[in-house]
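Trainee: Turn these sequences into a full structure, and let the hints guide you.
In order, the protein sequences belong to chains A and B.
Residue 389, in my numbering, is where the first sequence stops; the numbers in between run on with no holes.
Residue 1291, in my numbering, is where the second sequence stops; the numbers in between run on with no holes.
Derived from the structure by calculation, the hints contain no laboratory data.
The structure displayed is predicted, hence computed values, not measured ones.
One or more hints might be untrue.
[What the hints assert, rightly or not] Sample of chain B residues facing chain A (criterion: CB under 10 Å; computed from the structure):
id, residue
1, 1097
2, 1131
3, 1135
4, 1136
5, 1138
6, 1203
7, 1207
Here a beta-carbon is modelled for each residue, glycine too, at the ideal position from N, C-alpha and C.
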Amino acid sequence: MNTKNIKINGRLKFIFWVLLIAFVVAAPSLLPVFRLNLLGRYLSLAIVALGVDLIWGFTGLLSLGQGIFFTLGGYCVAMYLQLNSSSEFPNNIPEFFALYGVKDLPFFWAPFKSLFFTLFAAWLIPALVAAILGFLVFRNRIKGVYFSILTQASLLVFFNFFNGQQKLINGTNGLKTDVTQLFGQMVGSELIQRYFFWITVFLVITAWFFSKWLIKGRFGNILIGIRDDEPRVRFTGYNPVLFKTIIFSIAGALAGISGALYTVQSGIVSPQFMTVPFSIEMVIWVAVGGRGTLLGAILGAVFINYAKSLVSEALPASWMFIQGGLFILVVTTLPQGILGWLYSESPRNLLQRFGFIRKIKTYPSLEINKNGES
Amino acid sequence: MKSDTENLLSLVDVTVNFEGFLALNNLNLKIKRGELRAIIGPNGAGKTTFLDVITGKVKPTKGQVIFKEISLIGRKEHKIARLGVGRKFQSPRVFENLSVQENLELSVSSPKSPLHLLKKNIIKDQLEEVFQLMKVVNLTKKNDIKAGALSHGQKQWLEIAMLLGQKPDLMLVDEPVAGLTDEETDLTADLLKSLAGKNTVLIIDHDMDFIRRLDCKVTVLNQGAVLFEGNMDTIQNNQKVIDVYLGRPD
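Mentor: Here it is as structure tokens:
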């Protein structure tokens, strides 16, 4: 029975990979530019979802504030692009400053003139912010619902701050990137967007393998231990505060990379990325895809977002209901998410939950196969 | 008077006050190196609080806990564990979503820093030790099975093996035979007895037959303080102990 399942899983996996690789390779020539750009954006969201899976699926930390780190990454690249294209504007600073009568570049903009600095800052700054926030929270042993509320409150603090700072970062209008220049080309141009698509695909795969590497050994086992029984981890001699801070910081870095890629492919970064619903959606992608599976996070992010845009085109305003319904459906019938269900349960359980077939009272080998052992 | 270096652990006037309720009340206790000691007492006598104080889970209102001539007061749980205090919980607490082998790997791994665990795989000696431990508790064939799928008795044994894997100087064992069959109880008693001498073992239990089989010094706790100390026979004939705990002998 068991070996058969593994075999089927192996074949399924193989087919899945062949289809996926074929699709990604063929996508740029098959899809219209608009669709390709959407796919690129949703793939970049898969990276933040991977981070959510690491901290929630494996470590049990339900963060509702990943939008903070996502947006920080986005602002980093947007600031670079704005500076890179502001030579014709008054005072050689981005155009929006003139609206508020700002003549000198705020001090923290200066390092973002360097592409090198920006490429590091886009993940290092979110990682540091996450590490500091995480360390303070974890050291005080704030857990569970309180942790979730605290991350959401932090998100609101950041949102209000970014929203109100017109003179520093253009406030609620955000920073546009699509009309800026990169290597002498418009960022919004087809050529540059195609490059961004490939970079995104590459980074999603890299982030995925990196996450797999993180969780495969004893480090990952400690994370699972923290999720299941944190005091036991302490009494075994490990300091959970360090482990949680590290993984939260890594999730922050992934969110930053994701935000940077999403920004350049959307053409703008604004405090809207830090709204409460968006950060909750990130959790939904992982829950639907299958938490604790990594691949589920990627698939959840891409498919839900793609479905969102397709549904929104056909039936405007109905998406929120569908997304809510999907979440409820998954939580009630597939608590492990779609991939978790494929990995660990047989299709029979799903039919059972919907009431199509009767529940088994003992073991399947005793009740389904009348002869006992199969 | 014996010198203090002989005592691995000493509790001096330890009081734990839970908002008016004295879980421990001026408790004084000394455990010698290599000793096997059993602690009994009625429910609410403060047995588990006593372990909580030693392992750093509960900070005493007053008093001192000295382990290897170091004060444990104010130290974090993981620091105390690394100093050499291992604890087995009352209900078996293993990492249910990890396999038997992974559970044991975590307990024998050293050093226990995150970066070390990320960079290096488990070294050969430690892996060897893991297999040795699985043999001791009879779980070799189940090495790949998730700990959550083990039976209650197997979980108890896995947790004891995890405790051994930590190589603690002091082993605190809370009700190791709860829910075990008679045969398993006997095996556990033999295992714990064989550890004494090299290790210092402190056992809390209710099962009188099991305690008798351990054949060691017994401390009776009542209302957060030591009521009586002695071997099993003197305890069973002590009027105070009979009154509060044992009841009339059959």
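Trainee: Each hint should be assessed against the structure and marked as holding or not.
Mentor: So, going through the hints one by one against the coordinates:
no.	hint	result
1	1097	holds, 8 Å
2	1131	violated, 13 Å
3	1135	holds, 8 Å
4	1136	holds, 5 Å
5	1138	holds, 5 Å
6	1203	holds, 7 Å
7	1207	holds, 7 Å
Hint 2 alone, counting from the list given before, is not met by this structure.
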